[in-house]
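Trainee: Using the sequences and the hints given, assemble the complete structure.
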Amino acid sequence: KQEVTQIPAALSVPEGENLVLNCSFTDSAIYNLQWFRQDPGKGLTSLLLIQSSQREQTSGRLNASLDKSSGRSTLYIAASQPGDSATYLCALFRNAGNMLTFGGGTRLMVKP
Amino acid sequence: DAGVIQSPRHEVTEMGQEVTLRCKPISGHNSLFWYRQTMMRGLELLIYFNNNVPIDDSGMPEDRFSAKMPNASFSTLKIQPSEPRDSAVYFCASSFGGGSYNEQFFGPGTRLTVL
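Just so you know, the protein sequences line up as chains A and B, in that order. Using our numbering, you'd call the opening residue of the first sequence number 1 and step up by one each time. Using our numbering, you'd call the opening residue of the second sequence number 1 and step up by one each time.
Honestly, I wouldn't trust all of these hints.
What the hints assert, rightly or not - Derived lysine to any residue pairs resembling SDA-like cross-links, with alpha carbons at most 20 angstroms apart:
#  : chain 1 : residue 1 : chain 2 : residue 2
1  : A       : Lys42     : B       : Ser87
2  : A       : Lys111    : A       : Lys1
3  : A       : Lys42     : B       : Thr113
4  : A       : Lys42     : B       : Glu11
5  : A       : Lys1      : B       : Asp57
6  : A       : Lys68     : A       : Ile7
7  : A       : Lys42     : B       : Ala2
8  : A       : Lys42     : B       : Asp57
9  : A       : Lys42     : B       : Glu103
10 : A       : Lys111    : A       : Ala9
11 : A       : Lys42     : B       : Arg111
12 : A       : Lys42     : B       : Met40
13 : A       : Lys42     : B       : Val89
14 : A       : Lys1      : B       : Arg41
15 : A       : Lys1      : B       : Gly42
16 : A       : Lys68     : B       : Glu103
17 : A       : Lys42     : B       : His10
18 : A       : Lys42     : B       : Lys24
19 : A       : Lys68     : B       : Asn102
20 : A       : Lys42     : B       : Arg41
21 : A       : Lys1      : B       : Glu44
22 : A       : Lys42     : B       : Arg22
23 : A       : Lys1      : B       : His10
24 : A       : Lys42     : B       : Ile55
25 : A       : Lys111    : A       : Glu17
26 : A       : Lys1      : B       : Met60
27 : A       : Lys42     : B       : Val12
28 : A       : Lys111    : A       : Thr87
29 : B       : Lys78     : B       : Ser66
30 : A       : Lys42     : B       : Phe105
31 : A       : Lys42     : B       : Ser7
32 : A       : Lys1      : B       : Ile55
33 : B       : Lys24     : A       : Gly43
34 : A       : Lys42     : B       : Thr38
Unchecked claim - Between beta-carbon pairs, the in silico distance windows are:
#  : chain 1 : residue 1 : chain 2 : residue 2 : range
35 : B       : Thr20     : A       : Ala9      : 30 to 36 angstroms
36 : A       : Thr26     : B       : Asn52     : 29 to 35 angstroms
37 : A       : Gln54     : B       : Asn52     : 29 to 35 angstroms
38 : B       : Asn30     : A       : Lys111    : 27 to 33 angstroms
39 : A       : Ser70     : B       : Ser7      : 29 to 35 angstroms
40 : B       : Pro70     : A       : Tyr31     : 26 to 32 angstroms
Bear in mind the hints are in silico, worked out from the structure with no lab data behind them. Just so you know, even glycine gets a beta-carbon here, dropped at the ideal spot from N, CA and C.
Mentor: Printed below as a string of structure tokens:
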């Protein structure tokens, strides 16, 4: 059974800092991986989708990487801003159907 | 595009009552998912429809939970009878899945409180 872990559960950084959020998974036979952002009391906003054949995806200040052999994905946020404060979740597509298995999330606080 | 629409946004009910949550997926999407989010268990998939047909309902916790998708633009998740432990945020998501694993788009969620 695929397990998805995100460490740390919470992270606080000063504004302007570059940071990396980690996502690890137990089964390397994954399909795509999706990173989401969730603001308090809100739904999930899709940030990036990495196809299983890709190594990374970029969108603005965000860069997500995927290393299936080591069971890891990272989300790099450049020049962090207070508006980046939210919970970030990674989710893996299972190998049967389009179903996602979510990690527990990392709660990010960027201080001005 | 309006995105995934869910109603109601908040629901407070008493134990034993029937609860119906509603979802309208993004137009043109053919896959629909119901998730539940709690502090203890995080986000869990409850059921997944493709082309209005339930594909996997292994995440549905008990027979008290049922879901339907009568057409491509509407789905319901029903809990009958509701219990306090059903209190959670319920999310609906949709995607265009043609056999591959495509980006899912989430609705704003329904926060359910069962007293």
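Trainee: Name the hints, by number, that the structure is in violation of.
Mentor: The structure conflicts with hints 2, 8, 23, 24, 38, 39, although it agrees with all the remaining ones.
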